[in-house]
Amino acid sequence: MTSTSVRAEFPDPVRTPPAPRPVSRARSLLLPASFLGPAAVLLIVWMIYPALRTVARSFWNDRGNKFVWFQNYDRLFSDSVIHTAIKNNVIWIAVAPLTVTLLGLVLAVLIERIAWQSALKVILFMPLAISLFAVGVIWRIMYLQEPDKGAINAGLNAIHDVVKEPGVLPRAEPSSPAVNSRFVYTKQLGSGGTALLGLTAISPQNVPSDAEQAETPQSKQGAITGVVWRDFSPGGGKPGVVEKGELGIPGVTVSLLKDGKKTDSTTTDTKGAFTFDGVSGSGYQAQIAPATFAQPWGGVQWLGSKLITPAMIIAFLWTAVGFAMVVIGAGLSAIPRDVLEAARTDGATEFQVFRRVTVPLLMPVLTVVFVTQMIGVLKIFDIIYAIAPGSVQNDATTLAFEMWKRSFLGANAFGFGAAIASFLMLLFVPFLIYQVRSQRRNN
Amino acid sequence: MAVAEVRQPALRADPSESIGHRIANAPINLFLLLIGILWLIPAAGLFVTSLLPPAVANATGWWHVFSKPSELTWSNYNHIFHNSAITHALVVTAEVTIGATILPILIASLAAYALAWIEFPGRDYAFVIVVGLMVVPIQMALIPIFSLYNTLNLYDTVLGLILFHTAFALPFAIFLLRNFFAGIPRDLMEAARIDGASEWRLFFKVVLPLGLPAIAALAIFQVLFVWNDFLVGFTLAQDNTPIAPALAGQLRQFGTNLDVIAPASFFSAVIPLTIFVLFQRYFVQGLLAGSVK
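Those protein sequences? They're chains A and B, same order as listed. Here the first sequence is numbered in our numbering, starting from 1 and rising by one per residue. Here the second sequence is numbered in our numbering, starting from 1001 and rising by one per residue.
Hints in this document: simulated from the structure, not taken from any laboratory. It cannot be assumed that every hint is accurate.
Stated by the list, open to error - Covered, in the sense of this in silico footprint (three residues per stretch, anywhere, with C-beta under 8 Å from a C-beta of chain B), are these stretches of chain A:
{"#": "1", "stretch": "104-116"}
{"#": "2", "stretch": "215-222"}
{"#": "3", "stretch": "277-283"}
Claimed, not checked - Chain A regions said to be covered by chain B (calculated; three or more residues, Cβ under 8 Å):
{"#": "4", "stretch": "47-61"}
{"#": "5", "stretch": "129-139"}
{"#": "6", "stretch": "148-159"}
{"#": "7", "stretch": "176-183"}
{"#": "8", "stretch": "243-256"}
Even glycine gets a Cβ: it sits at the ideal position worked out from N, Cα and C.
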């Protein structure tokens, strides 16, 4: 911007200033223009013009034939799905960048102390090379709900089964109204009473292999007798009656109740029969213990409306932590060793060195990682599309996703979509300012 | 950008660590081993699933195969390579990736050279605009570009996708290359100018060769970014989409079509993964030089 033409008239062969050739003003602009031209055209046509056009478009109706002032923005703030989107954006922003940065920091510090750090770095860093769409597919397989299909629920199931075993007859039902839904024999029993606890909906392979033909219990003075059996024979049979071909169910716990309180319990034999001895008076009831019917654990519904956002954030962490670790690790290796050694010789513990020396020196790097993640998280689209099943998309949505959905999925609400995009852009402005400022500082 | 001066990828062990010190770190080793395994499981799950016959893949979890390894088969891959929709999408992905890597690097290095070494009025403002554009999200351009492409017949074309990716790659590419070019010693440039080299000659004979490390980093970055794109291809193409958007429809019956979506997803990840592992060094350099995109 200094007048190059004046200096150019006196070329000094020893200390030649830059661009010394005598050129006219038009030519001096022609040169940078020829270098910058292609970039300028692309940036103007594909970025600057569309960005401005999007803002303008947000003041027009969806079909673009009527100027509607701020109506699209009114819609934006009164739409319940947009509210969910904003809420999810807040959750993402609050949780993901901080977690990524902290995990990256911890791993970067720890990984310096192991011999196989190169291998581990590749493993942790690798997901970054995989498309977020494929990441979504990967995690959707992990999150499948049935513990037999989804690895995460399978892992939790292993822990769960240790705590609480599933019952022997998870899906059995009472066979007749004589047994109520809590598996209590409805008839009051006294000494000599008999209880017929018939069950159905037991598949043949669930009947224990040592089961024998059930028998109608014989009344016995001073005792309550009964049978637990599979009240179903080929062809159907009569409900509530022990018939030929119907097997007793061994190993079932039966409780004796009086006034709703458990007074005794026993286990059925191979014919499904049980006996409570030493019974006097009446008013007893027999119940099959609820543990018999404990369902096997169905698995956490990761992809349901409640957990979908945390589930997606976990998938995101998987891809982003390696990046944070490598960038922070590079910052770490730039810290002079003697600074750390000096702190150690002064008697600082490892944690104090980390907290008081390493972290403050790393602050610029940590900020870069944190800001990068914020920008990345605000743009997230692929993970939502790939992980959230259609039925929970409205619970998983964010502004970036909703902008696309309203604009390009069926409705083609371009006015509304443009308003969402413009609102999203507003959230990017602080980062834009940060970016320009830090570039200025670096120069 | 604060780490722009860190050039060392730091993927190396510290030789000063003694054996005794390492043994004392047993808990750390164990913890990191656990982390490493946790990190491998999801990708391993996709890979194993992709090798299961359809009936098995959709009925049980992939880890059951460890008790029945004989079930593993490449037949799913055989099927997807005979599925013309998927092979076409892979070809489109490759075309778009090649185009949208070469083009922005060419255009950006020209612009970066001008911003670093040619004096012209408003140069600093031009660079500030470039830096600002780095933050603009794709969502800001989708609606007008969609309309524009429909008018210009660029919708659903490889060229349309290449141009879009090129434009959105430029701000970061110009930023990275301009800062790299600006680091070339002034003496070198001036010596060439005294010798009477034109700006074009300077650009091709001095700046480009010296800028190769940055260009390599950028190229790898861009290959991964474009190959892995979903949003742009999904919005601006229909029959000529890259692989990720081509698989999007499969998601609607997820759980019953794992024999298609698992191998296709895994295969689509193999190429960027290979490039990443081979050129990791450059990739890390690119990240460190401007970890803001």
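Hint-by-hint comparison with the structure:
{"no.": "1", "hint": "104-116", "result": "holds (count 7)"}
{"no.": "2", "hint": "215-222", "result": "violated (count 0)"}
{"no.": "3", "hint": "277-283", "result": "violated (count 0)"}
{"no.": "4", "hint": "47-61", "result": "holds (count 8)"}
{"no.": "5", "hint": "129-139", "result": "holds (count 9)"}
{"no.": "6", "hint": "148-159", "result": "holds (count 5)"}
{"no.": "7", "hint": "176-183", "result": "violated (count 0)"}
{"no.": "8", "hint": "243-256", "result": "violated (count 0)"}
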